[in-house]
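Undergrad: If you want the building blocks of each chain, they are given just below.
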Amino acid sequence: MISLRNLSKYYSAGALKTFVLRNITLDINEGEFVSIMGPSGSGKSTLLHILGMLDEASEGEYLFLDKPVHKLSEKQRGELHKDSIGFVFQSYHLIDELTVYENIETPLLYQSIKKDERKSMVADILDRFNIVAKKDLFPHQLSGGQQQLVGIARAVIARPKVIFADEPTGNLNSAQGKEIMELFTQLNKQGTTIVQVTHSESNAEYGSRIISLLDGWLKS
Amino acid sequence: MLTNYLKLAFRALWRRKFTTGINVIGLALGMTAFLFLMEFASFHAGFDSFHTNADRLFRIVGTTPQGSQDNVSPMMLAMRSQTHGIEAIPTFMTSASGIITYKPDNVSSASQTVTFKEEDVAYGNNDIFRAFSFQFLAGNADLDKPNTMVLTAAAAQKYFACGENYQSVIGKRLLVANQFTPTEYAVTGVMRNIPENSHLQGTMLFSLQTLANPANLGDNSWARLVPDNGSAFLTAYLLLRDGTQASSVATQMSEFGKKMDPSTNITWHLQPIRTIHTGNGFSDPLPNSAALKYIVIAVSIALFVLSLAWINYINLSTAFGLSRAREIGVRKTIGATRSHLVLPHLLECAMLSVAALLLAFTTVELLQSSFNSLLGATLHLGYVFQYGIGTWGMAAMLLGALLSGSYVALVLTGVKPIVVLRGNFIRSVNGRSVRKTLVVIQFAVSIAFIAGTLIVLRQLNFMSHRDLGMNLEQLLVIDGPQLVENKSPGGNPALVFKQEAERLPFVRQITGSQNIPGQGYNFSTQGIMRPSGHSDDAKKSYKILQADENYFSTYQMTFGEGKGFQKTDNLGGFKFRSVVLNEASVVQLGFKSSSEAVGQFIQWGNPSEKSQRWQICGVVKNYHHKSLHDAIEPIIFLPSAATGYFSLRVTVENVQANMAALEALYKKILPGNPFTARFADDIFQKQYENDVRVGNLFALFSVMAIVIACLGLFGLAAFAAESRRKEIGVRKVLGATDASIITLLSTEFLKLVAIAFLIACPVAFWLMSAWLQDFAYHVELRSGFGVLVFVSSGIIAALIAFITIAAQARKTAQANAIDSLRYE
Ligand SMILES: Nc1ncnc2c1ncn2[C@@H]1O[C@H](COP(=O)(O)OP(=O)(O)OP(=O)(O)O)[C@@H](O)[C@H]1O
Ligand SMILES: [Mg+2]
Chain X
1 MISLRNLSKY
11 YSAGALKTFV
21 LRNITLDINE
31 GEFVSIMGPS
41 GSGKSTLLHI
51 LGMLDEASEG
61 EYLFLDKPVH
71 KLSEKQRGEL
81 HKDSIGFVFQ
91 SYHLIDELTV
101 YENIETPLLY
111 QSIKKDERKS
121 MVADILDRFN
131 IVAKKDLFPH
141 QLSGGQQQLV
151 GIARAVIARP
161 KVIFADEPTG
171 NLNSAQGKEI
181 MELFTQLNKQ
191 GTTIVQVTHS
201 ESNAEYGSRI
211 ISLLDGWLKS
Chain G
1 MLTNYLKLAF
11 RALWRRKFTT
21 GINVIGLALG
31 MTAFLFLMEF
41 ASFHAGFDSF
51 HTNADRLFRI
61 VGTTPQGSQD
71 NVSPMMLAMR
81 SQTHGIEAIP
91 TFMTSASGII
101 TYKPDNVSSA
111 SQTVTFKEED
121 VAYGNNDIFR
131 AFSFQFLAGN
141 ADLDKPNTMV
151 LTAAAAQKYF
161 ACGENYQSVI
171 GKRLLVANQF
181 TPTEYAVTGV
191 MRNIPENSHL
201 QGTMLFSLQT
211 LANPANLGDN
221 SWARLVPDNG
231 SAFLTAYLLL
241 RDGTQASSVA
251 TQMSEFGKKM
261 DPSTNITWHL
271 QPIRTIHTGN
281 GFSDPLPNSA
291 ALKYIVIAVS
301 IALFVLSLAW
311 INYINLSTAF
321 GLSRAREIGV
331 RKTIGATRSH
341 LVLPHLLECA
351 MLSVAALLLA
361 FTTVELLQSS
371 FNSLLGATLH
381 LGYVFQYGIG
391 TWGMAAMLLG
401 ALLSGSYVAL
411 VLTGVKPIVV
421 LRGNFIRSVN
431 GRSVRKTLVV
441 IQFAVSIAFI
451 AGTLIVLRQL
461 NFMSHRDLGM
471 NLEQLLVIDG
481 PQLVENKSPG
491 GNPALVFKQE
501 AERLPFVRQI
511 TGSQNIPGQG
521 YNFSTQGIMR
531 PSGHSDDAKK
541 SYKILQADEN
551 YFSTYQMTFG
561 EGKGFQKTDN
571 LGGFKFRSVV
581 LNEASVVQLG
591 FKSSSEAVGQ
601 FIQWGNPSEK
611 SQRWQICGVV
621 KNYHHKSLHD
631 AIEPIIFLPS
641 AATGYFSLRV
651 TVENVQANMA
661 ALEALYKKIL
671 PGNPFTARFA
681 DDIFQKQYEN
691 DVRVGNLFAL
701 FSVMAIVIAC
711 LGLFGLAAFA
721 AESRRKEIGV
731 RKVLGATDAS
741 IITLLSTEFL
751 KLVAIAFLIA
761 CPVAFWLMSA
771 WLQDFAYHVE
781 LRSGFGVLVF
791 VSSGIIAALI
801 AFITIAAQAR
811 KTAQANAIDS
821 LRYE
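Note that the protein sequences, when read in sequence, are chains X and G. Quick note: the first sequence uses my numbering, first residue 1, plus one each step. Quick note: the second sequence uses my numbering, first residue 1, plus one each step.
Source of the hints: derived by calculation from the structure; they are not laboratory data. Heads up, the beta-carbon is just placed ideally off N, CA and C, and yes, glycines get one too. Check each hint, because a few of them may be wrong.
To be verified - Pulled a few chain X residues facing chain G out of the computed Cβ check, cut under 10 angstroms:
no., residue
1, Phe19
2, His49
3, Leu94
4, Leu142
5, Gly144
6, Gly145
Said to hold, decoys possible - Cβ-to-Cβ under 10 angstroms is the rule here; a few derived chain G residues that face chain X:
no., residue
7, Asn4
8, Leu8
9, Lys17
10, Thr333
11, Ile334
12, Pro417
13, Ile418
14, Gly527
15, Arg530
16, Gly560
17, Lys563
18, Lys567
19, Asp774
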């Protein structure tokens with residue numbers, strides 16, 4: 001499903017190139033549950049952003065469902081975001097103007113799902129994440145952990161083929177974290193590919209494979 | 001989906017009350033100015049469009065190699081019988097001013113009579129009402145019968161005080177005394193007042209047919225209404241039948257003209273009536289009011305002001321929109337396509353525009369009367385929607401909304417998600433230089449307008465304080481009588497009035513003249529020269545003014561050399577023993593000095609006739625007979641027992657009572673003549689009416705431009721302060737003072753104002769120099785005054801800009817540093 005060939009990412013300041021990712025070659029199959037680990041600043045988020053097509057690689061090749069990503073038009077990438085990819089941000093990135101309910105509903109709007117169906121899907125998720133009581137609040141009225149939950153709910157609601165999650169449990173207590181991991185496992189069993197970044201060994205254990213990054217190098 | 005978008009758009013606007021407010025107010029201001037200007041433009045562009053037959057109506061105009069004329073002769077109009085396709089020939093004739101009197105039948109007392117002097121008395125035929133769309137409130141037109149007339153509602157009220165009961169006016173009679181034999185006319189119809197956007201204006205129309213009777217013509221044989229009369233004194237129009245080619249009718253007319261008079265060099269044209277006011281293009285050879293120029297200027301300013309307002313919108317939205325970039329980035333990652341993102345922005349823009357438009361309409365309604373009095377017009381919003389140009393204007397407004405809305409939407413939705421989501425978007429999103437450019441443009445316009453206003457005001461001030469070379473204060477001007485009985489026993493009653501008036505205690509001095517300063521002369525002529533002059537001198541033009549011997553002393557003019565003439569210097573039959581010149585005449589006649597001129601002779605006409613020689617008895621110092629628009633012209637004053645106007649130097653006290661006394665005297669000695677008295681300085685100032693309006697408009701648009709510019713600047717300053725909160729917080733922790741932070745934030749914007757100043761100066765200098773060219777006497781821009789104007793315009797703009805920015809900067813500077821830092 002995902003296949004990276006000699007992929008590098010660097011930032012150039014003048015003549016100086018700062019490498020964040022170096023020569024990464026990696027394959028992730030459909031239905032896998034992969035955890036990416038590594039110390040702070042090792043390039044985990046950067047890698048995930050590239051995988052999620054939010055950022056572009058500087059060198060190398062990235063094939064998503066056998067299609068070369070760098071050749072996709074913005075529109076095609078938009079389509080993939082809409083139908084195939086769910087993204088959980090390390091810093092949540094909820095939409096400030098929208099309520100919890102509306103934040104979760106938004107991806108469905110873009111998929112032109114009917115109102116009634118939307119309603120039941122959102123109600124379902126709210127229920128599952130135990131945040132029904134918060135549905136009319138705005139993000140700034142929530143705690144960090146609650147925002148995290150909403151961010152995850154938003155990523156999974158449209159049933160994407162693959163979920164990229166950047167430290168999804170970073171702000172959750174261990175019970176909540178466990179629940180999320182179980183949810184991911186369940187989704188994974190139903191066929192969703194999951195790629196998560198995590199600092200926690202125990203969370204990484206939920207996955208079927210662990211990838212380690214160090215200074216931008218892939219360690220295997 | 002749409003209701004969802006609408007809800008979101010509304011919420012987004014509501015959350016950003018500050019920017020939304022600035023945007024709505026800025027746009028509303030721009031739209032208000034736009035609507036006012038479009039009213040003006042549409043009013044002029046729609047002239048004469050209200051006639052149902054406007055497409056088939058033409059004015060007959062002739063051109064010769066020398067120029068054009070819009071008069072035709074009865075002889076030319078006889079072509080009707082030989083030309084196909086003519087449905088009607090509406091025909092007018094105007095005579096000079098006349099006295100019109102209404103004497104009620106049943107009351108004999110003279111106090112019941114109503115008398116007015118009418119400047120233009122118009123005659124016409126009944127085809128006028130067949131062709132033009134004038135509506136009747138009572139009765140109808142019957143102008144093909146002699147001694148009939150129609151008048152407008154306004155005239156009916158003026159003469160008959162009939163209120164709304166126009167039917168009561170039908171059958172009443174008015175006596176017209178003018179150059180023709182005094183004649184009575186019966187009212188057959190009362191029509192609605194003629195719309196203001198009609199080139200045909202007037203309040204009364206008398207039947208032309210009346211003058212077909214030679215007895216009514218008096219000694220005006222030129223006005224005989226017979227087919228062999230070749231003198232052109234009629235203004236005629238043609239209503240062509242459907243499908244008739246105007247050009248072919250014009251050709252037939254020219255051929256007919258040649259047939260009647262083989263020596264004629266007149267080519268006839270049919271001028272579409274809608275082009276009479278605007279002109280057909282900028283260099284229409286046919287006579288027209290050239291209003292196209294004003295339409296183009298008004299529309300340009302309108303579009304300009306509107307774009308200023310849209311610039312503001314773009315500026316603010318892209319600046320503050322950066323804070324929305326994160327939202328857009330997030331939406332993109334969850335699958336929003338470009339159209340998903342653009343649509344809500346367009347909706348927001350549409351909602352803003354509608355709100356602004358509603359506000360603008362309200363403002364226009366509220367300020368309409370003030371605007372009208374500034375402009376000396378009666379415009380209303382109806383004009384905008386009535387005629388094509390207004391519709392185009394509204395389309396332009398929509399297009400503006402769409403363009404700026406799309407631009408904003410495209411800029412905002414063009415951001416790359418990762419750039420935004422990484423959090424360092426403020427520096428990387430482009431559009432900063434665009435916004436700066438736009439601010440510079442706005443301030444350049446503002447500065448130019450401020451400079452323009454200052455220059456117009458200074459010029460007005462210059463004109464009202466300039467020494468005119470005479471004294472117009474406490475000088476009363478009474479119109480001389482039109483109706484005088486020549487054979488009255490006490491001599492000419494007008495002169496009797498002058499003598500009697502002089503005896504009134506409050507009258508210090510009185511003079512009679514044929515015309516007055518601030519208004520005009522008797523006539524201008526060529527052919528006056530020194531006996532020793534060259535034949536070329538005969539081509540020089542002089543203004544002639546006939547006045548009595550007290551003219552110079554009453555107006556308190558000073559003599560450079562010699563003295564004024566005596567009553568006895570008028571020898572009768574246009575022969576004069578001595579005349580007075582002004583200094584301009586002395587120069588034009590070729591004298592070296594005034595003293596050389598006094599005692600010398602000048603002549604008019606045949607040099608051999610000694611009797612036509614006039615001796616120069618005095619040279620009056622140049623004074624401004626006309627406004628400062630005109631250079632002082634060479635004037636020759638001829639002694640005359642003139643009674644056209646009486647100018648009286650009066651004492652300051654009891655003006656009301658004195659006026660009443662004068663009126664009583666006037667009515668007693670000159671019965672039947674309306675009494676009109678004005679102050680000489682009012683007459684003179686009236687020449688500047690248009691200039692004052694220009695000044696007012698300039699001031700108005702300066703205020704608008706600067707307010708719009710400041711709204712934009714205010715928003716940008718707020719944004720700059722907001723986006724530098726953290727930096728400012730850190731600086732404060734490190735010990736920066738509030739003042740140093742305000743300076744930090746202001747300098748960047750004041751630099752923009754400085755650039756705007758550099759752009760505005762040459763443009764304003766060039767435009768205002770062109771405007772000042774219209775005045776023969778004007779303030780000099782290449783002088784200390786000019787420097788002062790431009791520098792102070794710059795300072796005013798900079799000051800307003802600084803206050804605007806500092807207000808924002810202060811708020812940020814004084815905010816608690818820790819709050820700013822923790823917020824991040
Ligand atoms: N715009 C940029 N310019 C230069 N360097 C950058 C830029 N963005 C990120 N980096 C660098 O890339 C490296 C990797 O960052 P990344 O966010 O991927 O780390 P991470 O592994 O996710 O760390 P953490 O565990 O703290 O989230 C960092 O050293 C960071 O300084
Ligand atoms: Mg990270």
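Undergrad: State for each hint whether it applies.
TA: Comparing the hints with the structure gives:
1. Phe19: 17 angstroms, violated
2. His49: Holds, about 6 angstroms.
3. Leu94: 8 angstroms, holds
4. Leu142: For leucine 142 of chain X, the interface hint is violated, since the closest Cβ of chain G sits about 16 angstroms away, which is over 10 angstroms.
5. Gly144: Violated - the Cβ of glycine 144 of chain X stays beyond 10 angstroms from chain G, reaching only about 15 angstroms at its closest.
6. Gly145: Given a least distance of 19 angstroms, the restraint on glycine 145 of chain X is violated.
7. Asn4: With a closest approach of 7 angstroms, the asparagine 4 of chain G hint holds.
8. Leu8: At 7 angstroms from the nearest chain X Cβ, leucine 8 of chain G passes the 10 angstroms test, so the hint holds.
9. Lys17: 14 angstroms, violated
10. Thr333: For threonine 333 of chain G, the interface hint holds, since the closest Cβ of chain X sits about 5 angstroms away, which is under 10 angstroms.
11. Ile334: Holds, about 5 angstroms.
12. Pro417: Holds. Min distance 5 angstroms.
13. Ile418: 4 angstroms, holds
14. Gly527: 84 angstroms, violated
15. Arg530: Violated - the Cβ of arginine 530 of chain G stays beyond 10 angstroms from chain X, reaching only about 88 angstroms at its closest.
16. Gly560: 82 angstroms, violated
17. Lys563: Violated, because the Cβ-Cβ distance from lysine 563 of chain G to chain X comes to roughly 89 angstroms (cut-off 10 angstroms).
18. Lys567: It is violated, given that the least Cβ distance between lysine 567 of chain G and chain X is near 92 angstroms, above 10 angstroms.
19. Asp774: With Cβ-Cβ at 56 angstroms, over 10 angstroms, it is violated.
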